[in-house]
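K.L.:
If you want the building blocks of each chain, they are given just below.
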Amino acid sequence: MTWLRTTFRVVGWPTLLLVSSFAFIAIFGSVISPYDPAAQNLSHSMQSFSAEHWLGADNLGRDTLSRLIAGAQTTLIGVVTVLLLAGTIGMMLGTLAGYFGGWLDEIVMRFCDFGFSVPSLFVALAFVGVFGPSYTNMILALSIAWVPIYARLTRGVVAAAVSQPYIESLRVLGASPARIIFRHLVPVALGQVLVYASADAGLLALAIANLSFLGLGVQPPQAEWGQMLVSAMPYIQEAPRLVILPGIALTLLVIGFNLLGERIALAKNPRAMSRRKLSLRRAIFKKEVEA
Amino acid sequence: MTLLSRRSLLAGSASLAAALGLNLSALTALAQDGSKTLRLPLLRASGNLDPQRYVGIFAVQDMVFDPLVQYGPGGAIEPGLAESWEVTPDDTSITFRLRPGVTFTDGAVWDATSMTWNLERWLPKEDYRWLQVANNFKSIEVIDPMTVALHFTKPTPTALTELSYVRPVRFLSPNAVDGEGIYNAPVGTGPWMVEKEGPEGTDLVPNPGYWGPKPEIDRVSLVVIPDGMSRISSIIGGEIDAIGGKFIAPISPQEATTLTNNGITVVTQTGTDTMILGFNPRIDLFRDIRVREAFNLLIDRDGIAQVVMKGYAKATMNLYPEVIPHSGTRHAVPARDVERAKALLEEAGWTGEGTRSKDGKLLDVDLVISEDAVAGSRALGEVLQAGFMEAGIGLSLRNVDHAARHGDIPEFKYDLSLFVTNGAPYDPYNTIGLMFLSTVVPGTDGKIYEDVALDPLILAALGAAEADRPAAFQAVSDWLHDNWAIAPLFHGDRIWAHGDRIKSFAIPATEYEMPLKTLSL
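In the order they appear, the protein sequences are chains A and B.
Residues 1 to 291 in full-length UniProt numbering are what the first sequence lists, from first letter to last.
Residues 1 to 521 in full-length UniProt numbering are what the second sequence lists, from first letter to last.
A hint or two may mislead.
Partner residues are not named here, just some residues of chain B that face chain A (Cβ under 8 Å, in silico) [said to hold, decoys possible]:
no.: 1; residue: Ala386
no.: 2; residue: Ser396
no.: 3; residue: Ser504
Label pairs and their computed distance ranges (CB to CB) [said to hold, decoys possible]:
no.: 4; chain 1: A; residue 1: Ala126; chain 2: B; residue 2: Gly198; range: 27 to 37 Å
no.: 5; chain 1: A; residue 1: Gly132; chain 2: B; residue 2: Gly349; range: 34 to 44 Å
no.: 6; chain 1: B; residue 1: Gly349; chain 2: A; residue 2: Val118; range: 21 to 31 Å
no.: 7; chain 1: B; residue 1: Pro199; chain 2: A; residue 2: Val118; range: 23 to 33 Å
no.: 8; chain 1: A; residue 1: Ser30; chain 2: B; residue 2: Pro456; range: 51 to 61 Å
no.: 9; chain 1: A; residue 1: Ala126; chain 2: B; residue 2: Asn184; range: 33 to 43 Å
Please keep in mind that the hints were generated in silico from the structure rather than gathered at the bench.
It should be emphasised that the depicted structure is a prediction, and the values quoted were computed from it without experimental measurement.
Glycine included, C-beta positions come from ideal geometry on N, C-alpha and C.
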C-alpha cells in the first residue's frame, strides 16, 4: 500500500478523485449508463430533471446523463490515443535527433520549428478540411499537430543526457546505439514526457471539444461534449442545463488534468513553484507580516 | 474603508439608475412622439440592387422596383405596371396595356420605351433561360407608346407568373445606368426610394409619386444584424419592430418559441415550400422502388413536425403545399412502419444483422447536411439517422458549408440530401421544371429526382393550357407519389414576430417581400 500512499501524497486526494472519477466513467461508462446515449425518444424532448432522466433529456429526447458519460468516454479515449501516438512518434524523432545530432537533428528541429510556427489547432483544422470530418481523422489530425511538442521536449532531454559521463562510458564499453537509446535514454525522456503529457491532456480535451463544436470532429450519433454544446446552443434560453452540463464536465476534466500535471511536476522538482503556489505563499507571508 | 466603498457603491448605483432612467424615458419619448419609422433587421447588407443581377436582397429590390404584374395571395395575378393584359388562346403572345401617368423616381417616364429597354437587358440573353419567358422568347412588339406585346416561340402559360418575380424582371430607370449600360443607382417606380445605403443598413422613404396606395409609414430603417441570437435580443429589447422572412431575417421554430415566451407576438402562416429528402437518382441503390419505399416508411414525419419543427410545420407526402396553385390532392402521410420497411429491404436483397448488405456491399449512405443552407438540417439528419438505423441502414451525416453544398449537389456527389422546393411565386412551375426534368442541366440547387418516364408528364404540365393545368400537375404529383420517387417531409410555417409598436400586421404573399402593404404603427 506504500505506492497508494505515495500517489495520494504526490497527487493529492481532490485531484486523484477528479481524474479517477473520469477514468472510472470512461472505463465502465457502458455499464453505468442508464440509456443508450444515441437512443431518441421524441416524446421526451426537452424533458427536465426527473426520476426517469436524472439530468433531463435533450431536444431529440436523448438522456443527457447517458450522453455526458458517453462524452467522457469519447474525450478520454481521444486524449489517450493522441498522447500515445504523438508521444511515441515525437519521442522517437526527438531521441534520434538528440542522440545522433548532425543533419538528422537539423531536419527534425526544422520540422518542429514549422510545427510551432503554425498553431496546433490550425494544423488539425487543415487536416480535417482535406480528409473530411470524423473521429478517426480528428485523432490523426491532433496527433500530427502534437508531434513537434514531444519531439522537441525529448530531443532536449536526450541531448543533455548524451553528454553525461555514464553515456560516454557506455559508448567506450562498446554498447550499441540501440541499447543506449532504449535502455538508458528513452527511460530518462519518458519521465519528462509523462509529466508534460499529464498537464497537456487538458489542452487536448479542449481541442477535441473545439473541433467537434465546429462540426469537424466527432460526428452524430456519437456523443461528445463539444458537439452537445453546439447542438444545445439554440435552446440556451429554454433549457440552459443543456449547455451548462457539458460545459461543467469539460471544465472539471481540464481542471483535473491541469492539477495532475502540476502536482506531478512539483513532486519531481519541488523547487519549481507554480505561479498559483507562489501567490498563495506570498499571501500567507503578507498576512503573517501584517499580524 | 468599508464605509467609503459602500458610499461609492451607492453613488455608482444611483448614477447608473439615473442614466438608465434617462435612457428609458428617452426610449418612451421616442415611442410616443408619433414617429413612424419602422425598424427591421436584415440578414446581410442590401448589396447591389440592380434588378437584373442576382446580388441584392430580394425584399429591398421589391420595395424599389415594380413588376408588370403582381403575385397576390394564392397565386392570383394582379395588375402592376401593366394595367391590363390579354393572352392569346394558344399562350404564345401577351399584350400589355401599360399604366399611364407613372414615372420613375428620377422623373423618367414609364412607357413602352422604358419597358422595352428593361426587357432587352435580360430577355434575349442566355443567362436567363431558366425562365420560360426567356427560353421561349421570340420578340417584343411596341404597338403604341402605352401598349406592348411579348411574343413567344411556343406556348408559355407560365409567363404571367414569371413576370411577377423580383429578378430579373423588375423595371429600372433607363437613366440609372452609366454610359456602358452598367447599373449605378436604385431608381424604380416602386413605393419606396433608397435614401441611404451601406454595409450597416439601408434607409428607405416613401416615393411621393407612387401610383398605388401610399405607405402609412414615414421611413423604413433596415439594420444589418447577421447573428440570429442578436436579432432575437434586439426585438425583445425593442430595438427593432419585427423580424422574420426566410431571406430577410429568418426565425427558427425554436427562436419563435423563445419569442413567444418573452411576450413577443408571433404570427405564422402555412409555408409555400416543402422540405424533401431526396434520393440520388443516379446511383443504383435508389433505382429500386422497394428501397425508396422502405426509406419513406422509416421516417417519423409527425415526430419531425412536432419536435424538430416545434409544431411550426405540417407533415406531408406532397410535393407542394395546398397554398401553391395546382398542388393537387393531398396524399396520406404513411405511419412509420419499420417491419414493412425491413421486409421491403429483404425483398430487395439487402439482408443481414446490424447494417444490412448486398453482394458484399454495406447499406451505408450519407446525408448531406448544411446548417447555413438548410437551417435545422442537423437535428433533422439525426432523427432520420436514428430512424434508418432501426432497419439496418447506416446513415452518416456529411456536414458541409453553403458553398460546398452548392458544389456537391449539382454534381450528384451524395446519396441523400435535403431539398427545399422554390415556393411562391416560383411554384408550381420552377421546382418541377428545374429540379426534376432530366433534360435540364442541374442548377446550384441540384435535382431532387429525375426519370425519363417523368419528363413527358412535367413537359405536359408546364405547357398545359389553363383548363388542363390541374389534371396535368396532378399527374406529376401522382407519379412522384406512386413511385416513392421522393420523401417529402413537411411544409414549414412562415414565421414572423413583431413588437407592440406594430398595430396591424399580415404576412406577405411571398418570402421575397416585406410585410409593408398592410402594416401600420
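K.L.:
For each hint, tell me whether it holds in the structure or not.
P.N.:
Now the hints, each set against the structure:
no., hint, in the structure
1, Ala386, "5 Å, holds"
2, Ser396, "7 Å, holds"
3, Ser504, "29 Å, violated"
4, Ala126/A - Gly198/B: 27 to 37 Å, "35 Å, holds"
5, Gly132/A - Gly349/B: 34 to 44 Å, "29 Å, violated"
6, Gly349/B - Val118/A: 21 to 31 Å, "49 Å, violated"
7, Pro199/B - Val118/A: 23 to 33 Å, "32 Å, holds"
8, Ser30/A - Pro456/B: 51 to 61 Å, "56 Å, holds"
9, Ala126/A - Asn184/B: 33 to 43 Å, "42 Å, holds"
The structure is inconsistent with the numbered hints 3, 5 and 6, although it conforms to all the rest.
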